[in-house]
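Enquirer: Based on the sequences and whatever the hints tell you, model everything.
Single-letter residue listing:
There are 2 protein chains.
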Amino acid sequence: MSLDTYPRGVLVPAVTPFHADLSVDAERFVDHCRWLLAEGAKGLAVFGTTSEANALSIAERMELLERLIDGGIAADVLQPGTGCCALPDTVALTKHATQKGCFGVLMLPPFYYKGVSDDGLYASITEVIEPVADERLRIYLYHIPPMAGVGFSLPLIERLLKSHRGIVAGIKDSSGDWKYTQALIEAFPGFEVFPGSETYLLDALRLGGAGCISATANVNVAAMDALIRGYKSPHADGMQRALSAIRAAIQKFPLVPANKAILARIHDDDGWNVVRPPLVPLSPDAKNALFASLDALGFRVAQTVPAR
Amino acid sequence: MSLDTYPRGVLVPAVTPFHADLSVDAERFVDHCRWLLAEGAKGLAVFGTTSEANALSIAERMELLERLIDGGIAADVLQPGTGCCALPDTVALTKHATQKGCFGVLMLPPFYYKGVSDDGLYASITEVIEPVADERLRIYLYHIPPMAGVGFSLPLIERLLKSHRGIVAGIKDSSGDWKYTQALIEAFPGFEVFPGSETYLLDALRLGGAGCISATANVNVAAMDALIRGYKSPHADGMQRALSAIRAAIQKFPLVPANKAILARIHDDDGWNVVRPPLVPLSPDAKNALFASLDALGFRVAQTVPAR
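The listed protein sequences derive, respectively, from chains H and R.
Going by our numbering, the first residue of the first sequence is number 1302, and it counts up by one from there.
Going by our numbering, the first residue of the second sequence is number 1302, and it counts up by one from there.
Hints listed in this document are in silico derivations from the structure and should not be mistaken for laboratory results.
None of the values given here were measured: they were computed from a predicted structure.
What you were told as hints is all true, and nothing was included just to trick you.
Same chains, same label: a pair holds when it works inside one copy or across any pair of copies.
In silico DSBU-like pairs for lysine-lysine, Cα to Cα no more than 35 Å straight-line:
id	residue 1	residue 2
1	Lys1463	Lys1588
2	Lys1553	Lys1415
3	Lys1553	Lys1463
4	Lys1463	Lys1480
5	Lys1415	Lys1480
6	Lys1415	Lys1401
7	Lys1553	Lys1480
8	Lys1533	Lys1480
Expert: Structure follows, in structure tokens:
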């Protein structure tokens, strides 16, 4: 990823494929990530919510990251999720990703305890920065209160930027609250703000947002990338409407199995449908309803489908 | 723990002490657990919410469990928490605890994804039972929707008992909803139901509950044990009122740092106050308020305070 261009573009929270026995299918993961980059992804926010990262062990995450790099994917397009409930795990994953040359890490707050203070969340970030002790470290905060139950307030971000500007580099805002995304972009110039849904992509770009990091980029990244490249064109509003309609159709279903079902259809390979508990695959009826609504929207993957 | 006596008694979710640098203080942990057993605990539900278990790595939890057993604490009084977000972690901890001879494990559901189905939660339990493959395995479900954001419904428990009775042995109900606790005790005879607060202890015992597993048992286990031994006596209601008053005073504050503050006072050792982020210690003002309200209730630790 070139640091000279702005906006950065679409970063994809790549889904993690599993074998039927629930073990990780690393080969399929590397193939999927290569395909996403070919389709227009400017980076890969691997090990996010859509990646079922919290269903993976620390060792599995480290091995998968190494498989990507060994598989020829440049580390500097990678922004792996490293925020865990346990500080030692967050430190280990963050150190590993930074040493491997990833351009940044996407950091969930510790998400077990609810109602925690900004002081506690501040400490949970700073207590990672100190032991990682690597000037290459770039932290992107992962704000997703609907899942995590805790999040990053504006005063907390201001405090983190005051003490760690340059290290605390941006945020993925999956609050689903456009007013919050807007406030983030306006409050902190130079701080990279990625909405967690392409529904807000054009609005964010016009204000100075960095792109987006979206679950459905697993199946529709080319169209998102096209909007980012053309957001100043007269066609931008129409492109946004098309993106939003597809997003709305997909998010009527649980996003992880829905993305995997679409990938199974694209690749004509049911092996894509495996998820780890507590998620479950879409039912046949749900798949049919999802595919029918996508067909009605004329949805198709824009670029090539690699043979497997 | 004798399996021949019922109710089982108080199981304590022992707090995990840390050094000032946030590393685990295993020696203090073993001492604390020994003291709890001397005070009247019938078991130790180590690695629960109060133990900051989700702030510990898998390796730290395994090592602490071994330190307890090596330190002379009988494995058959231990019910370690083993439920993680990631299935491989839950399997590893559950297998380890069972092989070490623990009488059971306390299993949180995977708690990152919200709005998951009973089918998914069912799979998250059964997919542990199969690879652990140990007839000694006894699973106690850990129902704590206020923290986990997901929980175990009555139909889900019924389904688990139908397929895994004997293995799925009981539940800790930290819903804070007495009607739910009551429904659990009444619906599933022989299924051990532990309210997650001593506020419901006497009511639960009278219906056939198994005891309680309560945060504040870290500092008040002797009084809880006394009520369990005397719950048929004419003094039972008065004992319950005293327990409830102390619980109410403590839970005005965040329970983990409040328990640690009380232990620091009992042992006259500020080293007890260290918590891992995202938790923070009580402020001096909060400590003073907590201690004043406990003093007003005549609270004191009932038994001996070991020298350190």
